[in-house]
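Full structure from sequences and hints, please.
There are 2 protein chains.
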Amino acid sequence: MTYAKTAAFTAGQQQLARVAKALAHPARVAIIQLLASKKTCISGDIAAELPLSRTTVSQHLQELKALDLIRGEIDGLTVCYCLNTALLRQVQQQFSAFFAEASAGTACGPDDACAC
Amino acid sequence: MTYAKTAAFTAGQQQLARVAKALAHPARVAIIQLLASKKTCISGDIAAELPLSRTTVSQHLQELKALDLIRGEIDGLTVCYCLNTALLRQVQQQFSAFFAEASAGTACGPDDACAC
DNA sequence: ATTGTATGTCGTATATTTACGTCATAATTC
DNA sequence: GAATTATGACGTAAATATACGACATACAAT
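Sequences listed follow chains A and B, in order.
Mapping of the first sequence onto the UniProt record's numbering: residues 1 to 116, in sequence order.
Mapping of the second sequence onto the UniProt record's numbering: residues 1 to 116, in sequence order.
In short, the hints are calculated from the structure, not lab data.
Among the hints, a few may not be true.
Said to hold, decoys possible - Taking lysine to aspartate or glutamate pairs in the EDC-like style, the calculated list, with each CA pair at most 16 Å apart, reads: (1) B/K38 <-> A/E101; (2) A/K38 <-> A/E49; (3) B/K21 <-> B/D68; (4) B/K21 <-> B/E63; (5) A/K38 <-> B/E101; (6) B/K38 <-> B/E49; (7) A/K21 <-> A/E63; (8) A/K21 <-> B/E63; (9) A/K21 <-> A/D68; (10) B/K21 <-> A/E101.
Said to hold, decoys possible - Calculated Cβ distances over 12 Å to all of chain A for the following chain B residues: (11) A24; (12) N84; (13) Q93.
Ideal placement from N, C-alpha and C gives every residue a C-beta, glycine not left out.
Structure, rendered in structure tokens:
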């Protein structure tokens, strides 16, 4: 009965949390940065660049793919992953709006104090 | 021996992942939004607004406080939480830079295809 | 002093994540 | 066709996260 209170929150909150969870591991952040830096979409080379086993990297790739943040295409024997830049731009907007709302006011006092 | 490969990644990647993890739960997203919307920093009222037990909410608050994203100050019997807007602005920059880098190119083809 | 209220800490059960080794599959190569 | 290679799927052990009830503390009010 535990761990399923997710449904009680806003769709927007759930969406943001879902994407945040995808970025909540340095390996997945690294994967996205790698795909962004390489001009060609690499495949298992990703695993070689990370300090993790191939199996584990594959698992992280599946997680990113499940959110459609990256896409994979079979090219003969290898698989070619690339960023879904359209979705990333959309997600960027969401985070931007969230942070703008959150960091707008001056809720806390200057040194450490609350303004209550 | 599992689950501690974090050290093998960039400081930036770890930092981003750490903050992302803080936002990886809808309750914590909701808490930040709540604190942003209320002019005064509320305390245990947060728990009343969320569909979770007071204990669980307190736990989420501690997690956000551990990252210094929010701060709490004791005011007599109640505790007053507020956003660390300065840090939030800083974090916003980090995410902004990350997404800009990630969503820059057109790695994927138009329909679904990789440009490999 | 005793009672009541607001919070946090602790213990704990369950769910999920992380990490990897081993196997199965599919395509290239010989 | 057999051997090789690149990947993903499956199983699993250990670490974390989630959620909550029960206790502990600290202040306020009677």
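Practice problem: Decide if the proposed pair is consistent with the structure: A/K21 and A/D68, CA atoms, cutoff 16 Å inclusive. | Solution: holds, 14 Å
Quiz item: Is it the case that B/A24 keeps its Cβ farther than 12 Å from each residue Cβ in chain A?
Solution: Not fine: 4 Å to the nearest Cβ puts B/A24 too close to chain A.
Self-check item: Restraint check for A/K21 with A/E63, where alpha carbons must lie at most 16 Å apart
Solution: holds, 10 Å
Quiz item: Is the Cβ of B/N84 farther than 12 Å from every Cβ of chain A?
Solution: The claim breaks: B/N84 does not keep its Cβ more than 12 Å from every Cβ of chain A (closest is about 6 Å).
Self-check item: Proposed proximity, B/E101 with A/K38 (alpha carbon, max 16 Å)
Solution: Holds. A/K38 to B/E101 sits at ~12 Å (cutoff 16 Å).
Quiz item: Are B/K38 and A/E101 close enough, with their CA atoms no more than 16 Å apart?
Solution: With Cα atoms ~12 Å apart, B/K38 and A/E101 stay inside 16 Å; holds.
Quiz item: Do the alpha carbons of B/K38 and B/E49 lie within 16 Å of each other, as the hint requires?
Solution: Judged against 16 Å, a Cα distance of about 12 Å means the pair holds.
Self-check item: 16 Å Cα cutoff - pair B/K21, A/E101
Solution: violated, 19 Å
Quiz item: Going straight from one Cα to the other, do B/K21 and B/E63 come out at no more than 16 Å?
Solution: holds, 10 Å
Exercise. Decide if the proposed pair is consistent with the structure: A/K38 and A/E49, CA atoms, cutoff 16 Å inclusive.
Key: holds, 12 Å
Quiz item: Holds or violated: are the alpha carbons of B/K21 and B/D68 at most 16 Å from each other?
Solution: Answer holds: B/K21 to B/D68 is near 14 Å, not above 16 Å.
Quiz item: Given the proposed pairing of A/K21 with B/E63, does the C-alpha separation stay at or below 16 Å?
Solution: holds, 15 Å
Checked against the numbered hints given earlier, this structure breaks hints 10, 11, 12 and 13; the rest are met.
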